[in-house]
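Asker: One letter stands for each residue in the lines below.
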Amino acid sequence: MTATIATNQTLLVVGGGISGMTAALEAAECGKQVILAERNATLGGRTALLYRYFPKMCHPTCGLEINLRRLKANRNLRVLTQAEVTAISGTRGNYTVTLKISPRYVNNNCTACGECAKVVETEIPDPYQYNLSQTHAAYLPHAMAYPQRYVLDPCIIGTPDADKAKAACKYGAIELDMQAETVELKVGAVIWATGWKPYDAAKIQPYGYDRFDNVITSVEFERLADPHGPTGGKLLRPSDGKEARNIAFIQCAGSRDENHLRHCSRICCMASLKQTQYVREAYGEEGRSTVYYIDIRSIDRLEDFYRKVQQDPTVKFIKSKVANIKLHEESSDLILHGVDTEGYHRYAEQHDLVVLAVGMEPESNGIQLPADMVADASGFLEGSADGGQFGAGAASSPLDVNRAVQSATAAALRAIQVVHKTSRPELVEGGAKS
Amino acid sequence: MNDLNRQAIANYKNDFLREVEERVEDGDWVRMCMQCGVCAGSCPLGNAWEHTPQKLFMMIRAGKREEVLSSDSMWMCTSCYNCIVRCPRKLPITHIMHGLAHYAHKLNMAPKGQPTRDIAKLFWDNLVKTGRVNELKFSLAMYFKDGFMQGIRNALAMQAVGMGLVKAKRLNPMEILGGHKCKDQGGIHRMIAKARAIEAHKKG
Ligand SMILES: Cc1cc2nc3c(=O)[nH]c(=O)nc-3n(C[C@H](O)[C@H](O)[C@H](O)COP(=O)(O)OP(=O)(O)OC[C@H]3O[C@@H](n4cnc5c(N)ncnc54)[C@H](O)[C@@H]3O)c2cc1C
Ligand code: SF4
Ligand code: SF4
Numbered sequence: 018m019t020a021t022i023a024t025n026q027t028l029l030v031v032g033g034g035i036s037g038m039t040a041a042l043e044a045a046e047c048g049k050q051v052i053l054a055e056r057n058a059t060l061g062g063r064t065a066l067l068y069r070y071f072p073k074m075c076h077p078t079c080g081l082e083i084n085l086r087r088l089k090a091n092r093n094l095r096v097l098t099q100a101e102v103t104a105i106s107g108t109r110g111n112y113t114v115t116l117k118i119s120p121r122y123v124n125n126n127c128t129a130c131g132e133c134a135k136v137v138e139t140e141i142p143d144p145y146q147y148n149l150s151q152t153h154a155a156y157l158p159h160a161m162a163y164p165q166r167y168v169l170d171p172c173i174i175g176t177p178d179a180d181k182a183k184a185a186c187k188y189g190a191i192e193l194d195m196q197a198e199t200v201e202l203k204v205g206a207v208i209w210a211t212g213w214k215p216y217d218a219a220k221i222q223p224y225g226y227d228r229f230d231n232v233i234t235s236v237e238f239e240r241l242a243d244p245h246g247p248t249g250g251k252l253l254r255p256s257d258g259k260e261a262r263n264i265a266f267i268q269c270a271g272s273r274d275e276n277h278l279r280h281c282s283r284i285c286c287m288a289s290l291k292q293t294q295y296v297r298e299a300y301g302e303e304g305r306s307t308v309y310y311i312d313i314r315s316i317d318r319l320e321d322f323y324r325k326v327q328q329d330p331t332v333k334f335i336k337s338k339v340a341n342i343k344l345h346e347e348s349s350d351l352i353l354h355g356v357d358t359e360g361y362h363r364y365a366e367q368h369d370l371v372v373l374a375v376g377m378e379p380e381s382n383g384i385q386l387p388a389d390m391v392a393d394a395s396g397f398l399e400g401s402a403d404g405g406q407f408g409a410g411a412a413s414s415p416l417d418v419n420r421a422v423q424s425a426t427a428a429a430l431r432a433i434q435v436v437h438k439t440s441r442p443e444l445v446e447g448g449a450k451s
Numbered sequence: 004m005n006d007l008n009r010q011a012i013a014n015y016k017n018d019f020l021r022e023v024e025e026r027v028e029d030g031d032w033v034r035m036c037m038q039c040g041v042c043a044g045s046c047p048l049g050n051a052w053e054h055t056p057q058k059l060f061m062m063i064r065a066g067k068r069e070e071v072l073s074s075d076s077m078w079m080c081t082s083c084y085n086c087i088v089r090c091p092r093k094l095p096i097t098h099i100m101h102g103l104a105h106y107a108h109k110l111n112m113a114p115k116g117q118p119t120r121d122i123a124k125l126f127w128d129n130l131v132k133t134g135r136v137n138e139l140k141f142s143l144a145m146y147f148k149d150g151f152m153q154g155i156r157n158a159l160a161m162q163a164v165g166m167g168l169v170k171a172k173r174l175n176p177m178e179i180l181g182g183h184k185c186k187d188q189g190g191i192h193r194m195i196a197k198a199r200a201i202e203a204h205k206k207g
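Residue numbers (this note's numbering), protein chains in the order written: chain A, 18 to 451; chain B, 4 to 207.
Quick caveat, the hints were computed from the structure, so don't treat them as lab data.
Everything hinted at is true.
So these bits of chain B aren't anywhere near chain A, every CB distance computed over 10 Å:
1. E25
2. D75
3. N129
4. L143
Derived lysine-lysine pairs resembling BS3-like cross-links, with alpha carbons at most 27 Å apart:
5. K93(B) - K220(A)
6. K203(A) - K438(A)
7. K186(B) - K172(B)
8. K336(A) - K67(B)
9. K148(B) - K170(B)
10. K140(B) - K115(B)
11. K124(B) - K109(B)
12. K343(A) - K93(B)
13. K93(B) - K336(A)
14. K148(B) - K115(B)
15. K183(A) - K135(A)
16. K93(B) - K214(A)
17. K140(B) - K170(B)
18. K140(B) - K124(B)
19. K343(A) - K333(A)
The beta carbon of each residue, even a glycine, is placed where N, CA and C say it ideally should be.
Given only the sequences and the hints, what does the whole structure look like? Please build it.
Answerer: Here it is, written out as structure tokens:
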């Protein structure tokens, strides 16, 4: 008897961020059948929430646009949004995947005209602005959203708001009786591109993220700088809406720390260096950025960017991990206390806004993964022990976009090998023997 | 210079880091320090010391033996544990501070007249005699450590507190006559002698 594993040729990619899109497209463009399952209502992942990319300071929309164009042109790729993997069984080459698809309440007829949003009164914290602002409960996730279709938040279903939305839609796109579905799929290989999440800054007690309005995270700062963000691109601080001009960046907030994340998150040094340039962009020579760091880790060619920022007179570097932050009551400013390592001087520096360069944690921490998935000490995914599932992008390691895309391409190649071998049993080790 | 000190210098030459690693309690953690500065900034007394933990650890690596062992800083540690809680490398900083102080004491390099050191010595001598702390004798020893006249002055100044303690049964004037003891004083003394012997045989 021939030891055939299975014949399933389909490849599943979980997570539709830049890595998942890349892995799915690379495989689909090689002629493989691919299903891309994204949990959110849109593809794009966290890069869509960045203002600009280091090191070229280009807009993330540009890379997303190219990928979306490739995606629309490809017939081998099927995109499922609001789809979550709830179970995976089987082995390499022959998995059965259970997906739960939540209702969007909006069908293909939607033209993204936005009439429904105008009549819905309920507001919800906007997850695509890291909850910094509110959005109507009928919304388009963001300008680059794919699919370009509105979503109704489940909280208005069964309320007059839902009926109003339905009545406002001229295209019959709103279907209030849509139900959650569970689908089962056969796939040969799985790529986990579930990405990362920012470390919970409130856990870093001495920095008071949960106590001080003007202590924010780096991901929130990206939204402040973005013209599509809650402040229209102005660097306004949360406590009083005042323009923040003297900004502190605290590195390794939650990373390289046995009490929090053990690993170096690898991108946050570059992210802060980039963000000092947002301050320059906003105020020219008038802005002040101060970076508090243990050591700056701008890996290989990114070192050039660091050198450039070092030359910038508006940016000051202080080699010190800040010990604690105190509130200056009258001004709502913050006072950073610590001792610097170059000379052991004690400081108490006042800033009007503090940005915590929070670490990257695997998004998959906290979700149910297949039992034989192998992860590192921090939870970043390597792959399954049977060699049929792979980690890709920021799900596999804290990576910047460039490296995430490389990792996704590598994962696609490995997944292609799995389904390729599956289709030709003689290629499977021992498979030709009887 | 005492024998222990002479022997240590001969043993370790200029490798003070190794000396600390092998001879100071928890000293093997020192090389884990990444010089981030959090301990220095977190110490509530930090601005009162000459050498913060961060600085001491760097001085150890730089081989500044004399400066480290004669420093007064590790004697100032109040064991608040702020630094241990925050150190991203989980160094047992408080314990290293006490380890360094103890080592400097053994080599007789600790600063003379350092109050923490004096009190620790009085406390220890008081304790080992009977296996119990004689609080009355301990307080008196503290009052009189800087001479008789100063002792009288101290005792008068603390009179009200002392009477309060007596009233609350926290201090027994009869303790002056030898005081309470543990059951097996000889056992305690043998135990301490054994511990000393073990320590003397330790590496280094
Ligand atoms: C402050 C900051 C600034 C940054 N700036 C830059 C920069 O300027 N340049 C740069 O190169 N990099 C930057 N990065 C890094 C960049 O964000 C990452 O490299 C990039 O997001 C990785 O993409 P990804 O697709 O691997 O993960 P993500 O962007 O996290 O995408 C993962 C996707 O998977 C989905 N998903 C998660 N779990 C599931 C599930 N169970 N089922 C289905 N779908 C799921 C998510 O909804 C998401 O859409 C920055 C990072 C930070 C923190
Ligand atoms: S990249 Fe920089 S800020 Fe981020 S954890 Fe590493 S050293 Fe710290
Ligand atoms: S907090 Fe820890 S790692 Fe940082 S300087 Fe102090 S001992 Fe070293």
